[in-house]
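A.B. asks: As a plain string of letters, each chain reads:
Protein chains: 2
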Amino acid sequence: MSEHPRGTDEFDLIERIRARVVARDDVMLGIGDDAAIVQVPAGQQLVIATDTLNAGVHFPADTAPADIGWKALAVNLSDLAAMAAQPAWCTLSLSLPHADAAWLDAFLDGFLDLAAQHRVTLVGGDTTRGPPSICVTVHGLVAPGRALRRDGARVGDEVWVSGTLGDAAGGLAQWRAGGAIDASLRARLDRPTPRICTGLALAEVAHAGIDVSDGLLADLGHICRASDVGAQVELARLPVSAALRAAYAESERHALQATGGDDYELCFTTPPQARATIGRIAAETGTALTRIGRIVAGSGVQAFTAAGTAWIPDRAGYAHFAG
Amino acid sequence: MSEHPRGTDEFDLIERIRARVVARDDVMLGIGDDAAIVQVPAGQQLVIATDTLNAGVHFPADTAPADIGWKALAVNLSDLAAMAAQPAWCTLSLSLPHADAAWLDAFLDGFLDLAAQHRVTLVGGDTTRGPPSICVTVHGLVAPGRALRRDGARVGDEVWVSGTLGDAAGGLAQWRAGGAIDASLRARLDRPTPRICTGLALAEVAHAGIDVSDGLLADLGHICRASDVGAQVELARLPVSAALRAAYAESERHALQATGGDDYELCFTTPPQARATIGRIAAETGTALTRIGRIVAGSGVQAFTAAGTAWIPDRAGYAHFAG
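Keeping their order, the protein sequence lines are chains A and B. Quick note on numbering: full-length UniProt numbering labels position 52 of the first sequence as 52, and the sequence is numbered without any gaps. Quick note on numbering: full-length UniProt numbering labels position 37 of the second sequence as 37, and the sequence is numbered without any gaps.
No wet-lab data here; the hints were simulated from the structure. Quantities reported herein were computed from a predicted structural model and do not represent experimental measurements. Wrong hints could be hidden among the right ones.
One side of the interface only, derived from the structure: several residues of chain A facing chain B at Cβ under 8 Å [stated by the list, open to error]:
#, residue
1, Thr50
2, Asp79
3, Leu80
4, Val123
Beta carbons: idealized from backbone N, C-alpha and C, even for Gly.
With the rest of the complex left out, here is chain A:
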């Protein structure tokens, strides 16, 4: 509703974005019209995910623009990974308090670096004035029936997780405390790795999957609710990075690993006879895959210490709205 002379910054920003986008054969019409047109290959279904990042809510206010760009796309690609979908296209809706070409260029450095890694083409979007906010919608492809859903876990399945858990939450806790921040933990907070290849490979064997964005226990809880089952997790089995182990005592660490958000690892369930296949996928994708528990009859997620006693978290996952 703000009225200004034409030839303005908004169009300049869009042109800056358009100039850096790489082509894909299946993009019939990219940035610059009222909408984009793409060709979904025959025999493929379209997978759609969207996530918004707001300053101070989803990333610390001091986050570098390139890291914001990376993370805005990464959290969306992580949703495609959790569906075992092959990424294809994305849109970007960017709200900024004022047109800032240097900020945008740095943002695009991170965003487009990650896009190039997964051959995702930015096909459209808009730039608007407002508090800093980034809304990304990603589009992926999957063969019918091959998607990894939340509702397929079965009693007797084993529960697995990729990578390590708690690093992002550990880095965030250090940032909040105001002291020294371990660089590798902060990097896990700022530059999560969407597990695309791992997700695609798991489609052949996993019964259910989700990405860990709200915290392991919360996200595994989503699988349990959707699948009408329960789960048991052993805290001692949760994969831990050397940096997290060095930075936190065990009890704090377990809380970060079990309930910290922003890991963007994959949590999935498989039948016990799939262990060899899981090992092969871990080797082929260069991603650690760790068995952490099992699916049981009932409901809810129970965590146990090495001594076999039930562990009750102070909090199990976070929600953006509460409080």
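Mind docking chain B on chain A? Use the hints.
C.D. replies: Using the frame of chain A, we list chain B on its own:
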């Protein structure tokens, strides 16, 4: 990054949304997993548009939640109309300062009313904490080669526009002035009509099209730049509503009609021999279609008064970032 007990408001909001969504046969997996899965029909291409509305930038702060919901979807559907695409699915990413179920329910009243009119199914999205902001991505379908693009205008084409122009800007100007606001002008600001049927019908005859969101002269300028042509527009031909005529003197009115944003009418170009077809489309879709000028060689858009003198606006369209 805010950490809270589970069982929280964010999931409650998503459940409130999911409970009200209507089904479509081509939605394989809707709200509730990491992503949605849809089936694009064979022989159709996918059309994608995304637009964000921020409070105080794209709608007055006192706008009713139901109107915000309507408008957030309408401005996106308008992009599909301008492409001559058939709407199919959408996602919604909603940022709110705090979870407010009553606000959300009212928002959904407007959003889902419009969605139902066009058989658009909400397939996913997210809710996050932050300043009020609504990001919608819409997906439509078009047969290959049938989309209405900006780059097809040809010298000799006639320029047309749907509906009436300037109403939304007239209502906004009254709101800003703080005095009485004409209800029909305010309704045009709050509840724009995406010209879906008209856009679909125009695919058979129009060379180029765009929706009027930034102002007629600015948006027609986008067609001219994309098509490498110029345009001439006669101010006296611009369609005007009775409400706008009653509320503003002619010179103010012309400025609102030529440069006011938020109309979400279609501006399109056709060969002169298409007049009869345009008349038929207007009758069949119940939408006024008015010839307002022509495409000429050169570049830029010139506006002329009834006396034939060039008219120079104080401003030609608005951009969200400038200033």
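A.B. asks: Please flag the earlier hints that this structure goes against, numbers listed from lowest up.
C.D. replies: none
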